[in-house]
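Turn these sequences into a full structure, and let the hints steer you where they fit.
Those sequence lines, one after another, are chains P and C.
Counting from 1, one number per residue, gives the positions in the first sequence under the working numbering.
Counting from 574, one number per residue, gives the positions in the second sequence under the working numbering.
Since the hints were derived computationally from the structure, they do not count as laboratory data.
Among the hints, erroneous ones may be present.
[As the list claims (entries may be wrong)] Simulated pairs of lysine to aspartate or glutamate, EDC-like, Cα-Cα distance not exceeding 20 Å: (1) K766/C with D37/P; (2) K800/C with D473/P; (3) K605/C with D37/P.
[What the hints assert, rightly or not] One-sided excerpt, in silico: chain C residues whose CB lies under 10 Å from chain P: (4) N587; (5) A588; (6) T589; (7) A594; (8) D600; (9) N603; (10) S607; (11) Y758; (12) L761; (13) L772.
Nothing here was measured: the structure is a model prediction, and the numbers come from that model.
Built from N, CA and C at the ideal position, the CB exists for glycine as well.
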Amino acid sequence: MGRSIHWPAGINRAYRLILCIGDRTGKLMERESMEFDVVIVGGGPSGLSAAIRLRQLAAASGRELSVCVVEKGAELGAHILSGAVMEPRALDELLPDWQAKGAPLTVACADDNFIFLTERRAVGLMAPPQMNNHGNYIVSLGNVVRWLGVQAEEAGVEVFPGFAAAEVLYDPSGAVRGVATGDMGIGKDGKPTENHTPGVELLAKQTIFAEGVRGSLTKSLISRLHLDKDCNPQTYGIGIKELWEVDPSQHRPGRIEHTVGWPLDRETYGGSFLYHLDNNQVAVGYVVGLDYKNPYLSPFEEFQRFKTHPAVRRIFESGRRLSYGARALAEGGFQSIPRLTFPGGLLVGDTAGFLNVPKIKGIHTAMKSGMVAAEAIFAALEKPASGALEVTAYPAMLKASWVWKELYLSRNIRPSFHWGLWGGILYSALDTYLFRGRAPWTLKVHSDHDQLRDARDSVPIAYPKPDNTLTFDRLSSVFLSGAVHEENQPCHLQLKDPSIALTVNLARYDSPEQRYCPAAVYEIVTEAGDNSSHLHISASNCLHCKSCDIKDPTQNINWVVPEGGGGPNYPNM
Amino acid sequence: MKALVAVKRVVDYNATILVKADGSGIDTNNLKFSINPFDEVAVEEAVRLKEAGMVSEIVVVSIGPAQAQDTLRNALAMGGDRAILVTVDGDVEPLAVAKLLRAVVESEKPDLVILGKQAIDGDCNQTGQMLAALLGWPQGTFASALAFKDGELNVIREIDSGNETVSLQLPAVITADLRLNTPRYVSLPNIMKAKKKPLATTTPATLGVDVAARQRVLKVEPPAKRKAGIKVGSVAELVAKLKNEAKVI
Ligand SMILES: Cc1cc2nc3c(=O)[nH]c(=O)nc-3n(C[C@H](O)[C@H](O)[C@H](O)COP(=O)(O)OP(=O)(O)OC[C@H]3O[C@@H](n4cnc5c(N)ncnc54)[C@H](O)[C@@H]3O)c2cc1C
Ligand code: SF4
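Quick look at the structure:
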């Protein structure tokens, strides 16, 4: 089968050009394939930590091991958005000399502040112990990831930014044998353009899915292999963030503020974070639980309104906004962790939901899970295998690690907020101080998409107009995210049944996607003539936050990867 | 025939540019950099000429910091054969770039030099012209199409009054306009192959060129903010406003 092509000397892997039956249209197309020992989907903290650890182990034992990372962002870090207060625990284990190597962890956390807001007042609360940040750093995770990328390349990892993994490849036995990158140059109509370049099959003994929250390939794996059959549903939050340059008089490097309360109502889970970095920069953001009930709620507007609070506005009034973006967070914690392995591959990081919610930290657990997976894979590949390999040692090793303990002890905090803000705070205090996480019960986690009330039973929320100094509209915000997609490509926000956008979303919920999407991608347009409506999708504004894929009431919206390189271009997020 | 293509590493055209608070320049910290789009067109043209059998070797050259290696690898992945990096930190003015390129041309002896018509960061639009003058070669700037005919190179240029065709004798300098072609996507296997292609580095000192700046930037300011638009109720109101307020008709 196939033709052979000439490869320059020095490439010692096996490559071949194969013919395969291609895409959905069933037409025959040529797709090259490349073989690696391990292929990693996603160049975030979890994927890069796995890659680095694999190459470290290979170097230490003198074994040849090829590792490749594909990242859908145009460069590493382009799609990374986090707070972020980073616990250096995993990094200490991965690259103990990170300081000497110039890792961008330079702002040590100074003071922690946990604040309850009413419309006009701010009341300091005792910070819960999970929020003690002594020894942690305030970072731009995007920049940490860029630095990790350099370390990975130096360790001999093949890193390919600008390539999205679009499809999981299975062998006849149903085992994962790799992924295929998406075609480049397919037009809106689904037909190849003049510049069409077919995707590539990346084949591996193990494929690590490190796609972050709500990975699109992970989603397909979970449903095909029923990885979630023994766990609670995953629950999420949407985090919207801005980076500001503030007046030096307002800048206190290392200062951390978290708020709960205003402007959210008491039934909605959420709050703000505000971190002072260096160079007069302040990261400010707002997280809203995607299990919110009022379809009229807009996380974006809540965030804008938050900045107008008297205790907050003075920080930003004389500053300027540098960047904007949004990303979902996995909040299900321990109860929602799916099966982690399957023949041919495994899940690491937030695509498996390793975020510690009371701490709002997932970087250290994502990195550690990647490292543990690397160690388990490396050991498993040492033995000669017959057929596809399922690395069952990985979950066992993870259970013995500090990641598991952390997630177990904090498992009841987030679900207790189902009893509202005060119920949650009260329960959390009891669980933390009295039971120390070891309460003899485990609270259930519910899914988000089925939580909305009908619009007619809900009260519309009147949000103030943007003032363009402190508060802004969505479109000028998206501009700052640098989001771009090739315009001539099929829409990557697929509606399983387009009519549902009107018959259910509009009729029952007044089209909530118009409000929860932080990038104004969805808009109900009513024709002047016949008063008919349709849902207009401006896919090129999409920030890849995945909220629509999560919150859509009938799960009718399916987020798939657009052409590689498309999406936000966050510089320091 | 040997082609030499010059490529520059610039801030990506999608990146949001912010002027530093003190007005000394733009803040390039952690911004995405990529190949200057006009240079990408230049590389693509050279690759198409090679695929058409007109060119036998493509040498890509960049002048810039060590990271410009990524830009060169990108050009190699598109189809360049080998690369030369002249390592310089900081801004280099067009005349110095032209002198550096002349030095490279003198040692490489290409028949054709293709550059982008301008770089999207400084928008100088001078290097190609200066290089042609320094070499004493003919130039075809703003090329939107190329055609070889009886040993001569016809360059179609888009100008205000229409299309102009100039006919050049080789060796010559061409600067590429966006209309010349649509650059290809680089494929993953080609990126892998590009990692193994030769990339030599040199310095201005080795090439004997003084790159000291002859100009000084006084101040960089962001463009004035656009005023908010207004909605008008009728054509009459629109005409009145254009006449009396905007004073454009
Ligand atoms: C607003 C906000 C604030 C946060 N604050 C903190 C904090 O203060 N401290 C903390 O520790 N954690 C924080 N977190 C959580 C933390 O950011 C995540 O836990 C962490 O980023 C997870 O790492 P990951 O590698 O699993 O996924 P990600 O960081 O999401 O990385 C996944 C990468 O994979 C890429 N990718 C996805 N799918 C594909 C595909 N199909 N093909 C190719 N590439 C793909 C993505 O583009 C992305 O680059 C915060 C999160 C948010 C949203
Ligand atoms: S379209 Fe979906 S994924 Fe994209 S920004 Fe909007 S909610 Fe997020």
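Quick one, are K605/C and D37/P close enough, alpha carbons at most 20 Å? Given pair K605/C, D37/P is violated - Cα atoms ~30 Å apart, limit 20 Å.
Is the hint on N587/C kept, meaning its closest Cβ partner in chain P is under 10 Å away? Status holds, d = 5 Å.
Is the shortest C-beta separation between N603/C and chain P less than 10 Å? At about 5 Å, which falls below the 10 Å cut-off, the nearest Cβ of chain P leaves the hint on N603/C intact, so it holds.
Closest C-beta approach of T589/C to chain P relative to 10 Å, hint status: Holds, because the Cβ-Cβ distance from T589/C to chain P comes to roughly 5 Å (cut-off 10 Å).
Under 10 Å is the threshold here; is the Cβ of S607/C close enough to any Cβ of chain P for the hint to stand? This hint holds: S607/C lies near chain P, its Cβ roughly 8 Å from the closest one there, short of 10 Å.
For the pair supplied as a hint, K800/C and D473/P, is the alpha-carbon distance within the 20 Å limit? Distance ~15 Å between K800/C and D473/P Cα, so the pair holds.
Does L761/C pass the interface hint, meaning its C-beta sits closer than 10 Å to a C-beta of chain P? 5 Å, holds
Does the nearest C-beta of chain P fall within a distance shorter than 10 Å of the C-beta of A594/C? 7 Å, holds
Can L772/C be said to touch chain P, with a Cβ gap under 10 Å? 14 Å, violated
Minimum Cβ distance from A588/C to chain P below 10 Å? 6 Å, holds
Is the hinted pair K766/C and D37/P satisfied, with a Cα-Cα distance of at most 20 Å? 19 Å, holds
With a cut-off of 10 Å on the beta carbons, see whether Y758/C makes it to chain P. 4 Å, holds
Consistency note: the structure conflicts with the earlier hints numbered 3 and 13.
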